[in-house]
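Enquirer: Each chain, letter by letter, is given below.
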Amino acid sequence: GQNIDQPTEMTATEGAIVQINCTYQTSGFNGLFWYQQHAGEAPTFLSYNVLDGLEEKGRFSSFLSRSKGYSYLLLKELQMKDSASYLCAVRSGGFKTIFGAGTRLFVKA
Amino acid sequence: EPEVTQTPSHQVTQMGQEVILRCVPISNHLYFYWYRQILGQKVEFLVSFYNNEISEKSEIFDDQFSVERPDGSNFTLKIRSTKLEDSAMYFCASSRQDSPLHFGNGTRLTVT
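Here the protein sequences line up with chains U and E, keeping their order.
For the first sequence, position 1 (counting from the first letter as 1) is numbered 7 according to the working numbering, and the numbering increases by one without interruption.
For the second sequence, position 87 (counting from the first letter as 1) is numbered 168 according to the working numbering, and the numbering increases by one without interruption.
Hints listed in this document are in silico derivations from the structure and should not be mistaken for laboratory results.
Hints may contain errors.
[Said to hold, decoys possible] Derived DSS-like pairs: lysine-lysine, alpha-carbon spacing no greater than 30 Å straight-line:
(1) U:K114 x E:K164
(2) U:K102 x E:K159
(3) E:K138 x E:K123
(4) E:K159 x U:K74
(5) U:K102 x E:K164
(6) E:K138 x E:K159
A quick note: this is a predicted structure, and the numbers were derived from the prediction, not measured.
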């Protein structure tokens, strides 16, 4: 089966850096994704890792270690608009992407 | 930028009625998906569709559910006889091979 774990909630201060961790267990790993979801809206794609290492994209970076079943999303220079849920998702095989329960991030002034 | 479009944005139906949720995937995408999200809960996989057939489905996707690609652009999810617990946001998504899922804005289904 598949299992994805991430913290339920995190709080950080505007301008700071926050790291959201994700651990997963899956068969047939074929990529890990991070999505952002504001309340009442659709998930929007942030980053994709299929090989080990760090992927950087502006204020967002994502890291993957396949041997450890571990990823993190790093958000720098936090802004109030970054308050949202961050979803870790794992693709197994070609056709199924499973989502974790998400981490609700609260950014305070 | 091309996007996935879903209609309607909100559907209210009575228990036992059939509903059809509609989606137009991004035109050069070949993989299509339906997910649902019950209020306050996680995004749950329902079904994936490729080459005009279901490629994978979850335990949630029982005989009450069906999907269809009736023409070259639409992708539909039908719920035959809705139950109260089917109330949720239903998201359609599409992708190319090994690319991220692109989600539509969702249809909020309310079963009364």
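Enquirer: Please work out if E:K159 and U:K74 have their alpha carbons no farther apart than 30 Å.
Expert: violated, 40 Å
Enquirer: Is U:K114 within 30 Å of E:K164, Cα to Cα?
Expert: violated, 40 Å
Enquirer: Quick one, are E:K138 and E:K123 close enough, alpha carbons at most 30 Å?
Expert: holds, 17 Å
Enquirer: Is the hinted pair E:K138 and E:K159 satisfied, with a Cα-Cα distance of at most 30 Å?
Expert: Given pair E:K138, E:K159 holds - Cα atoms ~14 Å apart, limit 30 Å.
Enquirer: Take a quick look at whether U:K102 and E:K164 sit within 30 Å of each other, Cα to Cα.
Expert: holds, 25 Å
Enquirer: Between U:K102 and E:K159, is the straight-line Cα distance small enough, at 30 Å or below?
Expert: holds, 20 Å
Hints 1, 4 from the earlier list are contradicted by this structure; the remaining hints agree with it.
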